[in-house]
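Colleague: Sequence:
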Amino acid sequence: IVCTNEFSAALSLENNEMQDPNEFARLLFDRMRETLRSSCIDGGDLGDLLPSIFGGSFLYITTCSECFQQTRKSEEFMEVTLPIADDVGLQQNSSVDIQRCVDFYLDP
1 IVCTNEFSAA
11 LSLENNEMQD
21 PNEFARLLFD
31 RMRETLRSSC
41 IDGGDLGDLL
51 PSIFGGSFLY
61 ITTCSECFQQ
71 TRKSEEFMEV
81 TLPIADDVGL
91 QQNSSVDIQR
101 CVDFYLDP
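Numbering follows the working numbering, with no gaps: position 96 of the sequence shown is 96.
Some clues are possibly wrong.
Claimed, not checked - Label-pair ranges, simulated between beta-carbon atoms:
{"id": "1", "residue 1": "108", "residue 2": "35", "range": "34 to 42 Å"}
{"id": "2", "residue 1": "64", "residue 2": "20", "range": "16 to 24 Å"}
{"id": "3", "residue 1": "71", "residue 2": "51", "range": "20 to 28 Å"}
{"id": "4", "residue 1": "34", "residue 2": "65", "range": "40 to 48 Å"}
{"id": "5", "residue 1": "27", "residue 2": "68", "range": "39 to 47 Å"}
{"id": "6", "residue 1": "67", "residue 2": "10", "range": "50 to 58 Å"}
{"id": "7", "residue 1": "9", "residue 2": "61", "range": "42 to 50 Å"}
{"id": "8", "residue 1": "53", "residue 2": "11", "range": "17 to 25 Å"}
No lab work stands behind these hints: they were computed from the structure.
Built from N, CA and C at the ideal position, the CB exists for glycine as well.
When you get a sec, could you build the whole thing from the sequences and use the hints?
Modeller: Here is the structure:
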């Protein structure tokens, strides 16, 4: 058994508060980013370290079906929520293939 009281206190979380895994990851990354930014050495900025490792961007392209004009929109992200279940064609008791989940997520 691991006691998480000190970890929770360091993140300013209530011990009796439930956290959604995605919300927790966002909170953890935000706190880590703040800490990295405040611990700059010689004016360097470590605040961009986490986004450079874990971040990315989506490019959404919408095409008009009549004139075929395209509109592009870029969006930054730090996490991607992948569908894992029957949606990706998994059979019961089969192992999860991450690439299959990513392919299913990106399929138009």
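Colleague: Quick one: are residue 71 and residue 51 within 20 to 28 Å, going by C-beta?
Modeller: Taking Cβ atoms as reference, residue 71 and residue 51 lie about 25 Å apart, which means the hint holds.
Colleague: Can you let me know if the beta-carbon spacing of residue 67 and residue 10 is within 50 to 58 Å?
Modeller: holds (55 Å)
Colleague: Using the Cβ atoms, figure out if residue 108 sits within 34 to 42 Å of residue 35.
Modeller: For residue 35 against residue 108, whose Cβ atoms are near 39 Å apart, the range 34 to 42 Å holds.
Colleague: Quick check on a hinted range of 39 to 47 Å for residue 27 and residue 68, using CB atoms only.
Modeller: At 43 Å between Cβs, range holds.
Colleague: With 40 to 48 Å as the target window, see if residue 34 and residue 65 comply at their CB atoms.
Modeller: With a Cβ separation near 45 Å, residue 34 and residue 65 satisfy 40 to 48 Å, so the hint holds.
Colleague: Are residue 53 and residue 11 spaced within 17 to 25 Å by their CB atoms?
Modeller: holds (20 Å)
Colleague: Check the following: the C-beta atoms of residue 9 and residue 61 are separated by a distance inside 42 to 50 Å.
Modeller: holds (45 Å)
Colleague: Assuming the hint says 16 to 24 Å, is it satisfied by the Cβ distance from residue 64 to residue 20 or not?
Modeller: violated (37 Å)
Going down the numbered hints, you'll see the structure goes against just number 2.
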